[in-house]
Amino acid sequence: MSPRVAYVHLPRFPVQRRVLEEPTLAGQPLALVHEAKGALRVSFASGAAQREGIRAGMTLTAARALLPALRDGLHDASAEAGALSSLAEGFLRLSPAFMLSAPDGLWLDASAASLFGGEVGLLEKVDAQARAAGYRARVALASDLFTARALARFGAAPRSCVGPGDSGSALAALPLQALEDTPDVVASLRALGLSTLGELAALAPTQVISRLGAQGLRAQRLVRGQDEARLLPAVLPEVVEEVRTLEAPAESLEPLLFALKSSLDRLSARLRGRQRAAVRLTLTLVLEPAGPVSIPLALARPTTEPKLLLDLVRHRLESVRLDAPVATVVLTVDESSEDRGQQGVLGDAPAGDAALETVLARLATALGPAALGSPVLADDHRPEAAHAPGPFRPPCREPGRRGAPLPRPLRFRTGSWSVRSGSSPARASRWRWSWTRSGLSARRACSGGAEWCWRSLGRSGSAGTGGASRRSSATTTACTSRDWGLPGCTGGRVRAGSTCTASSTEPGRAERLRPERLAGMHPSMSPDGSLPRLGRVLLVSSDPLVRAGIAGLLAGSGTMVTVEPGAPADAVVWDTPSAPPPSLGPGAPPVLALVQGEQDARMALSRGAAGVVLRSADAATLQAALLAVARGLVVIEHGFGSLLPAPEARPAATAEAFTPREREVLALLARGLSNRDIAEALGISAHTAKFHVNSILQKLGVERRTEAVVRAARMGLVTL
Amino acid sequence: METARTDPAVLERLRERIRTLQAAPRALLSMLRTGLPPVDGLLPGGGFPLGQVVELWGEPASGRARLAFRAIAEAHRALRLAAWVDGPGTLYPPALPPLGIRLEQLLVVRPPEPRQLAWSALQLLRSGAFAAVGLDLSRTGLRLSPPESRRLVEAATRSGGLLFLLTPAEAPADGTLRLRLLATGPRGMRLEVVRSRQGGTSRAVEVPWQMLTPGGPSDVGAGPRGLDAPPLPVDPALPFRRARACTVRDGPIGIQGQRPGRDLPLPSFAQALGVAP
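From first to last, the protein sequence lines stand for chains A and B. For the first sequence, our numbering gives the first residue as 340, with consecutive numbering after it. For the second sequence, our numbering gives the first residue as 34, with consecutive numbering after it.
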């Protein structure tokens, strides 16, 4: 299936941007001109100008003749492309990637739509975001680039969403003009009397080729919804910078602040899209004759709040004396950090947060960031080293009642479900699964008693690894993490650098995982935390009663059950007493065996089954076991502990194994002496003492001296 | 009511409930109590009222900061923030947690210039984000000008925050409530209300140090690691490193067997006498 894309069309983007920067132009006839062949020609005209008959491509002289009151400005294509790119960065909150379509549109990767209330919800959010940035937009979502763009630009509705197979019918009513890239084909088709894309799509391909050649066939494929072009994600610029050249050099603070406000809004949107928060900014004011003046702005804490930043800039500018008018304003983010949202802000009301932020930023700017902080105590015996300045991060006052959610596209979810063990009803066990999006929450889930921790590593869309931890006393089924692929992770920009320790079932081994980038939650997991569903299960049993019973058990969970041998399936259920083992070729689905006892289980495992469960298992256990098997885990019923590999036995050392000298060394070791002290006490060299100690450690099968002493004391070799 | 009067269990439950309610963080704060019965009894409202400038006026080491932090601890218990503008730079944070201060809720500001002290306190107070702000002016040689004092009072009134103004004995400021603190030797200190809008001026009270600081000066020698701790028992059976024969004979020796003070040549008198060798 082709990936879904959304197109955001910003009608007459350069004109909208000009009006946004200069609100007095709103409603006025305006034309943006460029120089071509020695004449100024109109490249974009505002709505008011178009009503007077001014079109793109006209010379400015002709436009002036039509409308003497026309206001004009120079169109700088590269600056517009930069502005479009910075606007697009703001959409990264909603989409993992974008591709620009200069001069007035962009495609967004819509694969993360499920996180924003479906595709319709995503379109609404995109529209709202464009409106928040001050732009009018038309959006469309489809399975190919051409359909999305054509619908957004020429469709009747401002928002449209086309299903995967409906591209052709949705495009049918659009005018031929939508084939913008091939004007020759459009002219030929018009000459042939066609007017809509549907008419072109209905022609026989042989006719199209004979009349219009390969170009025509390509156009026909486009209008039939068979565009094969793929979205190429745009590369983000390294430095976040906003340059604004003022219309007229600003002599006072007011016009400067007005320009800064829009610049800061854009800067904040870009930072939020990147999930970064500004730590240090530089405001560079280019004075008309004098040259640039740099004003560093240090923030008390990382932030993306444009209001707070503007407040800070205003405060800073009030204390700066400029001796020439300002022509250009450049805002550069020198240092940014991961955006943790507004965590840990304490105040009486949401307004209190802003007040705290403002006063902290103001003090940090005026006094320097080193002048304020919260003391942190250090464990040191020297009084002067017992404390150190730290950052001021007050705890959240009412974490549950904080109003606005964090502006973050993807949030981790933690859910739990429980399975009652059918085989041992007296020991009802509770499983908790946590599927997490960050190391922190994974750690929290681990400490909260979650038996399994799902986490996915690598870039979006790549497979991940599962760290499974188990509490043998509470679970019915042992799971070994073998190879846990998480396919189809939805794309998203995520936080990095956190760690989590997940203990595995093998004794004494713990994996330490450091995700570089974490990706989305598993798509088959429903948001309310219920079990993920299996697609299809093949049932191998010759007993019709058993077949009916298992099909009935699994039907409640929405799993499809088939008995046809060789049918594609996610997992196989093999009823061992009634049927011979199913044939297991390479690439065959994993087999879960239903057994009557341990003997059966051993036989099933030797025949290649990935899991063994008692035949008396109930629906939830069966479903969980099937799911685990399908995900590449080994499932073993709790009672069959002997099937698990025995832990590696430690070498048993006896008192007879030690030489008299080693016993002496052990006795001194128990007193806490160092190698050198032992050597002096026994009148031997330190090397010899070390040799004896190593030999003792080896014989006791331990790694540390303390461990050796404890073990020796338990064995009665030394008395403490 | 009748049953309550007769049933001690009900009374005890009610008392317990009252204690729980009092211990819980309060949504609305109108004053900060110090938790010291003599001090709270002395103050007109039973505590330091919010929205005022409280001036603690006295010599260094007369207990001004300790008294202020006792009140700030009450704000911290109510999950409010506090800030301390440390003029002399002598605030010692490890001493604060025993007073009930939560360091993560305390913002310490140390402006590099003394003239920025009052400005910083004014900004903190105006923001309304801090329930209590302390401004320590001792040992800075700074005296608040009348406009500055007025601004501080106005900011406290508007934002509802409490400003503790710690002023040295030689330079009193213009607080709404002024308390004079005087250390009276090793036993304690004397607290006197010099100025108050709610009355009660010229009342005074003696506060012992021990009450002001839990585990204070009288407890210095106590504890397992204090000065009064008995010496650690020495086990003679422990085979400590034997002293070498040369160490026993010659005393401690330096690197390469040198004996400092004995093997080195003595400085000659010639240089001291000005006679060139």
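Don't take every hint at face value.
What the hints assert, rightly or not - Listed below are several chain B residues computed to face chain A (Cβ distance under 8 Å; list not exhaustive):
#: 1; residue: Gly122
#: 2; residue: Pro126
#: 3; residue: Gly133
#: 4; residue: Glu137
#: 5; residue: Val141
#: 6; residue: Gln156
What the hints assert, rightly or not - Label-pair distances were calculated between CB atoms; the ranges are:
#: 7; chain 1: A; residue 1: Ala727; chain 2: B; residue 2: Gly68; range: 56 to 62 Å
#: 8; chain 1: B; residue 1: Pro121; chain 2: A; residue 2: Glu657; range: 36 to 42 Å
#: 9; chain 1: A; residue 1: Lys646; chain 2: B; residue 2: Gly74; range: 55 to 61 Å
#: 10; chain 1: B; residue 1: Ser178; chain 2: A; residue 2: Ala727; range: 54 to 60 Å
#: 11; chain 1: A; residue 1: Ala418; chain 2: B; residue 2: Ala204; range: 35 to 41 Å
#: 12; chain 1: A; residue 1: His654; chain 2: B; residue 2: Gly68; range: 56 to 62 Å
#: 13; chain 1: B; residue 1: Gly74; chain 2: A; residue 2: Ala467; range: 58 to 64 Å
#: 14; chain 1: A; residue 1: Pro572; chain 2: B; residue 2: Ser63; range: 43 to 49 Å
#: 15; chain 1: B; residue 1: Val43; chain 2: A; residue 2: Arg1043; range: 58 to 64 Å
#: 16; chain 1: B; residue 1: Pro121; chain 2: A; residue 2: Ala727; range: 54 to 60 Å
#: 17; chain 1: A; residue 1: Glu463; chain 2: B; residue 2: Pro121; range: 28 to 34 Å
#: 18; chain 1: A; residue 1: Arg660; chain 2: B; residue 2: Glu239; range: 53 to 59 Å
To be verified - Only part of the chain A face toward chain B is listed, based on derived beta-carbon distances under 7 Å:
#: 19; residue: Pro708
#: 20; residue: His726
#: 21; residue: Pro730
#: 22; residue: Ala890
#: 23; residue: Leu893
It is worth saying that the hints were derived from the structure and are not from the lab. Each residue gets a CB set at the ideal place from its N, CA and C atoms; glycine is no exception.
Need the list of violated hint numbers for this structure, in ascending order. 1, 3, 7, 8, 9, 10, 11, 12, 14, 16, 17, 19, 21, 22 and 23
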